[in-house]
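S.K.: Residue-level listing of the chains:
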Amino acid sequence: MRREGSPFRGLSTVFVKELADHLSSIRMLMLELLIVFTALAALYGAISSLRQNTAEDPFLLLRLFTIDKAPLPSFVAILGFLIPLMAIGLGFDAINSEHNRRTLSRILAQPIYRDALLMGKFLAALATIGISLAALWLLVIGLGLIFLGVPPGGEEIARSLVFLVVAIFYAGVWLSLAMLLSIVFRSPATAALVSLGIWLFLAVLWPMLAPALAQAIAPADPRYALLGLNDPATAIWTQELLRLSPNDLFGEAMLAVLSPTTRTLGPVFLDQLRGAVMGSPLPFGESVMIAWPQTVGLIAGTIVLFAFGYVLFQRQEVRA
Amino acid sequence: MRNQSTDSRGTAPDPVIAARGLTRRYGATAVVDGIDFDIARGEVFGLLGPNGAGKTTTILMMLGLTEISSGEVSVLGFNPAREPLKVKQRVGYLPDAVGFYDHLTAAENLAYTAKLMGLARAERARRIEAALARVGLAEVASKRVATFSRGMRQRLGLAEIIVKRAEIAILDEPTSGLDPQATQEFLGLIGELKAEGITVLLSSHMLDQVQRICDRVALFQGGRIVLMGAVPELAVKVLGAGFVVEVEADGLGIARRLAMIPGVIQVDTLGVDRFRMTAERDVRPDAARAVVTVGGDLRRLSIDEPSLEAIYARHFQIRPRGDVRHAA
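Chains V and R supply the protein sequences, listed in that same order.
Residue numbering for the first sequence is 1 to 320, as defined by the numbering used here.
Residue numbering for the second sequence is 321 to 648, as defined by the numbering used here.
Rather than coming from a laboratory, the hints here were simulated on the basis of the structure.
No experiment lies behind these values; they were computed from the predicted model shown.
Each residue gets a CB set at the ideal place from its N, CA and C atoms; glycine is no exception.
If you want a taste of the chain V side facing chain R, the calculated C-beta under 8 Å gives, among others:
1) 3
2) 17
3) 105
4) 108
Next comes chain V alone, as it looks inside the complex:
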C-alpha cells in the first residue's frame, strides 16, 4: 500500500528549527570551545615547530594539519578524536527527547511524515558540525597566513577542502550512530553512554585489539620473524580489521590527502616501488584516488546507519 504525499514536506521547517536549537544551545557552545581550544593548542605546536625549519616544503599549509610536536598530537589526529564526540553530543537525544518531552505525537499529528522529522534533525546536526568545521578550517588557514607568512597555493586549498568534506562525512557516521541509538533507547542517558562506549572502543581499544586478532587469525610465519620482517598476511589482516573503525578510515584518508608524498595506504613490496621517485609528491587527483575508498566507506557507513535508524523509527510506536 503506497502512501500519498511527499516525504519531504516540512523538512525545511524541521531543519531550520533544529539548526537554530543547536546553534543557540549551551551544549553546542561547550563542544565548540573544547574543539577550538584543543585545536589551537595543536596548531600552536605545529606552528612553533614549522618556524624552526621552513626550508623548502612546498606544502607548508598542509603541514599545519599533520605535524605534531610532543606531547600534543597533530591537528588532524585531535579532530579524528573529537569529531565523534561532537556528533554524539548532537545526536544522542534526537528522537528519545521528543518522546520524553511528549512532543513527538503532537509534531507527527501535523501534516508531515516521520521522514521529514528524522531527516531534518540529521541534516541540521550535520550542518551544525559542517559550520563549526568550516570555521575551524578558516581558523587554520588564517593562522597559517599570520604566523608562517606564506600564502597557500591552489592545490593546498583544494587538499584542505577535501579534508573538510571527508571530516563532515566522518561526523555523519557518528551522527547516524548516535541518532540510531536515540531511537533504540528511550532514555537519552543510556543512548549517550552506549554511543560514547562505542566511540571509546573504536578509538582507543580497537587499535590495540586489531593486531592481536590479526595474530590469532593469521599467525606470523616464523621465517619472516627470523628475517626481522613482518608477515604480510598478518599485516594485511591487521589493516583490514582496523579499517572497520571509522576513525581509521578517516585517519587513512587524511594521510593520503594531506601528506602528498603518501603513495599507498597498505603494505607494499619493494618491487612495487621500482621506478618511484621517493619523497616526491603525488598530483592532487592521485591523492584523492588513494583516499577515495576510505571516503566511500565513511559515506556508506553514514547511509547504512541512517537507514537502520529510519526503518526502526518508521516502525516505532509514537505513544509514550
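Place chain R on chain V using the hints.
M.R.: For chain R alone, kept in the frame of chain V given last:
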C-alpha cells in the same frame, strides 16, 4: 444540544469518521478488536473506558500514526493509512499529557507547528494571536513554556488545533490531571468548539465530566465497544429507567402511593421520610401531587440525571466479562 442521530448502534447521517471492523493487534493480543462506529459532523463524541481499553490506539489509527491490522476507517472521506497528510491537515490532535519545547515561548511553539501545517507567515501570525487570545494565553504568549502549568499546556494544545482550523478535534484525556477550575475552563472551551460546528472526539476515563459535554459516547472494554449511544438512551437501556427522583416528605403510606404513579418502576425507602423513585419519565409533578393527597409535608423533591457512572457500573455488574484482556 441533542444530535439528530439517536440510533444506539451509532449510524449517523453524513459521518465524518466511519470505522468498520477496526482492529489493531500486537502479536496475538488485539488491543482494538473489530470496532464499528460513525461520528456525525458537529457532534461531541466520547470514547470512554478504563486505561488500556484501546482508546488511544483507536485515535492513533484514525491519524495514521499506528498501523491498522485489519478493518478500515475513513476520516473526512480519506483513508488515514494511505493519505495521512490529508487527514492530518484537517484534523487537530491534542495528545494525552501534551508536551511542548520548554525553551521556546508559547507563540514560538505554535509558530513551529503552524509552519509544519504550511501556513504563510502573515496568516500564521494572525491565527496564532487570535488562538492564544481565545484560550486565554495572550498575556503569556512570549513566556517560555517551561513556566506553564498543566492547565495552560492543555489550553496551548487546544490553541494549536484552533490555529489549524481543524474540522475535527481529537482530544485524548484532555482533563486528566487538571484541577477543578481548570477542568471547567477547558470543558467550556470544548463547548465553544462545538458551537463553531467542529466535530469533537474526546477520550476519557472521567465519566462524569464527559457526560456533561458529550452528545454520544462509546464505552470501551478490552478493545471492544460494549455500549454506544446518547447517555439518556443508555440509561434506559442499562438501568431500565432514565430518571431518579428523590422525595423527602412524611405522611402515611407515601411509599405505596408513590409506587402507584404511572411510569415509576421502583421505589426505595432510604430513611424514615426519604424515598428514591426510579422512573421512565420525569415524575416530579405526580410525586408532589401524591404527597399532598396523603396530607404529608413535602420538604424536598430532587431529580438526578442518569449518571454515566451508574450505567457503567451496572453494565459490568450485570454482565461480568470473564475474558477481560490486559491491553497494552
